[in-house]
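Going by my numbering, the sequence shown opens with residue 1, and the numbers climb by one from there.
Keep in mind that the hints were calculated from the coordinates and are not lab data.
As the structure is a prediction and not an experimental result, all values here were calculated from the model.
It cannot be assumed that every hint is accurate.
[Said to hold, decoys possible] Straight-line Cα separation of at most 25 Å, DSS-like style, residue types lysine-lysine; simulated pairs:
| no. | residue 1 | residue 2 |
| --- | --- | --- |
| 1 | K72 | K143 |
| 2 | K243 | K195 |
| 3 | K229 | K286 |
| 4 | K290 | K249 |
| 5 | K249 | K229 |
| 6 | K195 | K249 |
| 7 | K290 | K47 |
| 8 | K249 | K207 |
| 9 | K243 | K229 |
[Claimed, not checked] Pair ranges (Cβ atoms, derived):
| no. | residue 1 | residue 2 | range |
| --- | --- | --- | --- |
| 10 | P109 | Q242 | 15 to 25 Å |
| 11 | K72 | H264 | 13 to 23 Å |
| 12 | S69 | D127 | 16 to 26 Å |
| 13 | V126 | T161 | 22 to 32 Å |
| 14 | D42 | P109 | 47 to 57 Å |
| 15 | I173 | K153 | 34 to 44 Å |
| 16 | S106 | G291 | 35 to 45 Å |
| 17 | E57 | D281 | 35 to 45 Å |
| 18 | I59 | N191 | 39 to 49 Å |
| 19 | E88 | W172 | 31 to 41 Å |
| 20 | V115 | I173 | 23 to 33 Å |
| 21 | G107 | Y254 | 43 to 53 Å |
Idealized CB from N, CA, C, for every residue including glycine.
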Amino acid sequence: MSLTVRKKAVPMVVRKPQWALDVIALMVNNLPKITQNSVQVDSDECKIDGSCDQLCENIHGSYNCSCVSGYKLVNMTRCMAINFPSTEQPTLIFSTASDIRRSQLSGDPASPTPVLSQNGSLALTVDHRTRSVYYITSEGLLKTVHLDGTSSKTIAGPSFTLKSVTHVALDWISGNWYFLDDSRELIFVCNSNMKHCVIVIDVSLSKPRGITLDPTKGYMFYTKWGMSKPRLERANLDGTDQKTLVDQKIVYPYGLTVDFPLQHVYWVDTYLDYIDRVDYDGNNRKTIKKGYPVSKS
1 MSLTVRKKAV PMVVRKPQWA LDVIALMVNN LPKITQNSVQ VDSDECKIDG SCDQLCENIH
61 GSYNCSCVSG YKLVNMTRCM AINFPSTEQP TLIFSTASDI RRSQLSGDPA SPTPVLSQNG
121 SLALTVDHRT RSVYYITSEG LLKTVHLDGT SSKTIAGPSF TLKSVTHVAL DWISGNWYFL
181 DDSRELIFVC NSNMKHCVIV IDVSLSKPRG ITLDPTKGYM FYTKWGMSKP RLERANLDGT
241 DQKTLVDQKI VYPYGLTVDF PLQHVYWVDT YLDYIDRVDY DGNNRKTIKK GYPVSKS
């Protein structure tokens, strides 16, 4: 009979040389000491959308909001437009299929005249300097009415008809009028007295559906959804330097407006039922409203 004897394993202890221990000790001693104050990291609240209505200044541990000229700060973060006269409440001017109305922001009819015209119009704009609404009737006439419902009259337009014009925008700096012609698929501009007009965009403009301006930056914004891919575009006021801002997740872009202080463009997509916005370069896209009420707006 054979006998097998197994030796008990003896653990091997490897000792680090003294010079290695000295190096480790030196590294530990040179580490920054962590205290309660040193671990505080200041976050930039200005990077959070909506922290301020307009201007935001990040300071250590907090932030300050302010407003551009023509607005006043309310409740530390909100900006309210300063009307002229200052006692006048802000109102909303809109067109239905049968008339043009003016209402308070709460939805209540504005006084003294909630109905400004018995003619509905898609082509509608406001001149805040003259406190007047300008619109194009179904007969192709350019008309104006004061915000109080008085002084309604027809304005001599260009020598050709405006019957196929679906949108109009006013450059309040130069006084030029911008017209979007749906049938002829072009954008043309006329000077203040309508004596001289010129086409600024008539190429790759299939089914144009909206136009708005920022004269302070020299930009026009417009949408289209025809033979080419639906998109929101930007161009200079003379029609040059056309640039696509949005061509993804966009089907029937319609109404357009801009936020001048923040340099944002807003539009309504009547197929996808949303209101979206981007900045003037097409970045920082955000959905503002989505759902059934959008399609009825």
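Going down the list of hints, with the structure as the test:
For the hint linking K72 to K143, the alpha-carbon distance of about 34 Å lies beyond 25 Å, and the restraint is violated. For the hint linking K243 to K195, the alpha-carbon distance of about 30 Å lies beyond 25 Å, and the restraint is violated. The suggested pairing of K229 with K286 holds, with an alpha-carbon distance near 21 Å, which does not exceed 25 Å. Restraint check: the Cα-Cα separation between K290 and K249 comes to about 13 Å, which is no more than 25 Å; the hinted pair holds.
Pair hint K249 plus K229 holds up; C-alpha atoms about 11 Å apart against a cutoff of 25 Å. Simply put, K195 and K249 have alpha-carbon atoms about 41 Å apart, too far for the 25 Å limit, and the pair is violated. Distance restraint check for K290 and K47: the Cα-Cα separation of roughly 24 Å lies within the 25 Å cut-off, and the hinted pair is therefore satisfied. Proposed proximity of K249 and K207 is supported: the alpha carbons are some 18 Å apart, at most 25 Å.
At most 25 Å may separate the alpha-carbon atoms for a hinted pair to count; K243 and K229 meet this at roughly 14 Å. Between P109 and Q242 the CB atoms are about 41 Å apart, so this pair departs from the stated range of 15 to 25 Å. Range check, K72 to H264: about 20 Å between beta-carbon atoms, so the 13 to 23 Å window is met. For S69 and D127, the hinted distance range of 16 to 26 Å is satisfied, since their beta carbons lie about 20 Å from each other.
Checked against the hint of 22 to 32 Å, the C-beta distance between V126 and T161 comes to roughly 23 Å, which is consistent with it. Restraint check, D42 to P109: a C-beta distance of roughly 49 Å satisfies the suggested window 47 to 57 Å. A hinted range of 34 to 44 Å is violated for the C-beta pair I173 and K153, which are about 24 Å apart. Checked against the given bound of 35 to 45 Å, the beta carbons of S106 and G291, roughly 21 Å apart, lie outside it.
Checked against the given bound of 35 to 45 Å, the beta carbons of E57 and D281, roughly 23 Å apart, lie outside it. Take I59 and N191: their Cβ atoms lie about 48 Å apart, and the range 39 to 49 Å holds. Take E88 and W172: their Cβ atoms lie about 19 Å apart, and the range 31 to 41 Å is violated. At about 31 Å, the CB distance of V115 to I173 agrees with the hint of 23 to 33 Å.
Judged by the Cβ atoms, the range 43 to 53 Å given for G107 and Y254 is violated: they are separated by roughly 22 Å.
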